[in-house]
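A.B. asks: Okay, here's what each chain looks like letter by letter:
There are 2 protein chains.
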Amino acid sequence: MSSETTIAIYGPGLLGGSLALAIQERMPGIALRLWARRDTAEAGIRDRGIQAEFFTDATAAAQGASLIILCTPVETMPAQAAQIAKADLSADCLITDVGSVKGSVVRALEPILGSRFIGSHPMAGSEKAGIETARSCLFQNATCLITPGARTPPSTSKLLLRLRTFWQALGCNVLEMSPEEHDEKVARISHLPHMMAAITTLAALRTDPAAVACVANGFRDTTRVAGGDPGLWTGIALENRQALLVQLQTASTTLTELLEILGKPDEEELRRFLAEAQSLRRTVPAAVS
Amino acid sequence: MSSETTIAIYGPGLLGGSLALAIQERMPGIALRLWARRDTAEAGIRDRGIQAEFFTDATAAAQGASLIILCTPVETMPAQAAQIAKADLSADCLITDVGSVKGSVVRALEPILGSRFIGSHPMAGSEKAGIETARSCLFQNATCLITPGARTPPSTSKLLLRLRTFWQALGCNVLEMSPEEHDEKVARISHLPHMMAAITTLAALRTDPAAVACVANGFRDTTRVAGGDPGLWTGIALENRQALLVQLQTASTTLTELLEILGKPDEEELRRFLAEAQSLRRTVPAAVS
Chain A
0 MSSETTIAIY GPGLLGGSLA LAIQERMPGI ALRLWARRDT AEAGIRDRGI
50 QAEFFTDATA AAQGASLIIL CTPVETMPAQ AAQIAKADLS ADCLITDVGS
100 VKGSVVRALE PILGSRFIGS HPMAGSEKAG IETARSCLFQ NATCLITPGA
150 RTPPSTSKLL LRLRTFWQAL GCNVLEMSPE EHDEKVARIS HLPHMMAAIT
200 TLAALRTDPA AVACVANGFR DTTRVAGGDP GLWTGIALEN RQALLVQLQT
250 ASTTLTELLE ILGKPDEEEL RRFLAEAQSL RRTVPAAVS
Chain B
0 MSSETTIAIY GPGLLGGSLA LAIQERMPGI ALRLWARRDT AEAGIRDRGI
50 QAEFFTDATA AAQGASLIIL CTPVETMPAQ AAQIAKADLS ADCLITDVGS
100 VKGSVVRALE PILGSRFIGS HPMAGSEKAG IETARSCLFQ NATCLITPGA
150 RTPPSTSKLL LRLRTFWQAL GCNVLEMSPE EHDEKVARIS HLPHMMAAIT
200 TLAALRTDPA AVACVANGFR DTTRVAGGDP GLWTGIALEN RQALLVQLQT
250 ASTTLTELLE ILGKPDEEEL RRFLAEAQSL RRTVPAAVS
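In order, the protein sequences belong to chains A and B.
If you read the first sequence in numbering that gives the first Met the number 0, its first letter stands for residue 0, the second for the next number, and so on.
If you read the second sequence in numbering that gives the first Met the number 0, its first letter stands for residue 0, the second for the next number, and so on.
For the record, the hints were derived by calculation from the structure and aren't laboratory data.
Among these hints, one or two may not hold up.
Identical copies look the same in the list; a pair holds intra-copy or inter-copy alike.
Stated by the list, open to error - Derived SDA-like pairs (lysine to any residue); straight-line CA-CA distance at most 25 Å: (1) LYS157 / VAL173; (2) LYS85 / SER135; (3) LYS127 / THR282; (4) LYS85 / ALA285; (5) LYS127 / ALA286; (6) LYS85 / LYS157; (7) LYS157 / ASP91; (8) LYS263 / THR253; (9) LYS127 / ASP56; (10) LYS157 / GLY113; (11) LYS127 / GLN23; (12) LYS263 / ALA81; (13) LYS85 / ALA168.
The structure displayed is predicted, hence computed values, not measured ones.
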């Protein structure tokens, strides 16, 4: 049983659309609202069979909602938050987002929305985008990081518990950490791999696009995320620039280490380098969805 | 219909075992032979239901075979080739291998086996190893590169045609190129991605192994091949060292390019960098198996 009554989702893309589908499937009885910037978005929502009240007015969509979820690009969230703050919000209204960075988002939204805002980052997605790629099982077995900020006092632990319960109801494994710790972790295990996939693709194919005729599954998997939307990932990389730069510097040092080993060449050192990578890779839990 | 009568496979691991299973399934009537270094390997072969004559004598296994396929580590192939050359080989005996490098293999094996040897590289495999991971569909829809060498004169085009026909019968898409061109292409689209996956794993997790709790599918895919056998990949990297060094240098330059863009930061340049990667990644054909 969910303690939510009315959930308003802002931004009907892959994440917002999947949330709507998942809520509809798993939380019957909840009133769904979907806000989009343009009214042309409504047709796509109906095509996917989503039963939600549709809004283009960001203040009206927030009115009286128990849970508000921002699924829009992180750089546009402050503008929506300002519109939401104008609404007659219910006393226990909980507001969250699904952005890939948390430090800058929490710093921007807490002053506008106060302690009712707590950041979330469900680690689910795909290199695809748009409501047509949404699916109700997207969050099943995903890790969701929730990030109480400086304004989340112990007295709001009820809000934190509700946020945790909501993501768990969608099948997520929830972890709690500070916005800063979040940004450092995701720079390591999400933003770095994304940039490395782009670098691998460019290094392999820029000077010989025809080599693509020889690709096998190793290349396919190693570079899959490089197919992601450049605009979205430019935003993410710039929002989390400092933490990402640290990770890319480490990758550069590690690449230099390998170049030196291969340059000698030192067979024993190479085996040790690859064995250390294998042993760390083996600690990655297998995908369960 | 296959023109082969007796096929001898050397090395019953993932590739050799999968070949045996695929031949058994798709080419009924062909006599199968399997050679392994130790007689303890026979139990694993029987466990997988492979109906083959079993040998530990590399000369005896080659006697009268129409097709011989070396599925052993590339560095051990010359020793097996020397044993095979001692056999009473049938006049039309065709010999190939499945090694991941071709220049050094062809240079080593042609002087021993002559023009009856033509290299192959089916681009199929996995980060897993051993006969217990073999499967008959491994080659279905895979690309197989075949590499006629300096000693493959036009008069042996019949052998080349037989080799092509054999791989096609297993479901492969066959491409023909020189051993040198092969090594340059696979450095780009196989060996480079493997090393980049190892570098990404090390950069992300070496200094914070606990970050693994946050991983999602992006990290899983980008680093999957880093789980591969360090010994096998040390051999591959050293055999194809020169071509791999060129690719890793290019990757290093590309990583420096990204560090400079992020360092400024230059939003337009970053978007262009990621858009170029996305556009190249979109040329990769989807996996069909």
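A.B. asks: Please name the hints from earlier in the document that this structure breaks, with their numbers sorted from lowest to highest.
C.D. replies: Of the numbered hints, 2, 4, 9, 12, 13 do not hold.
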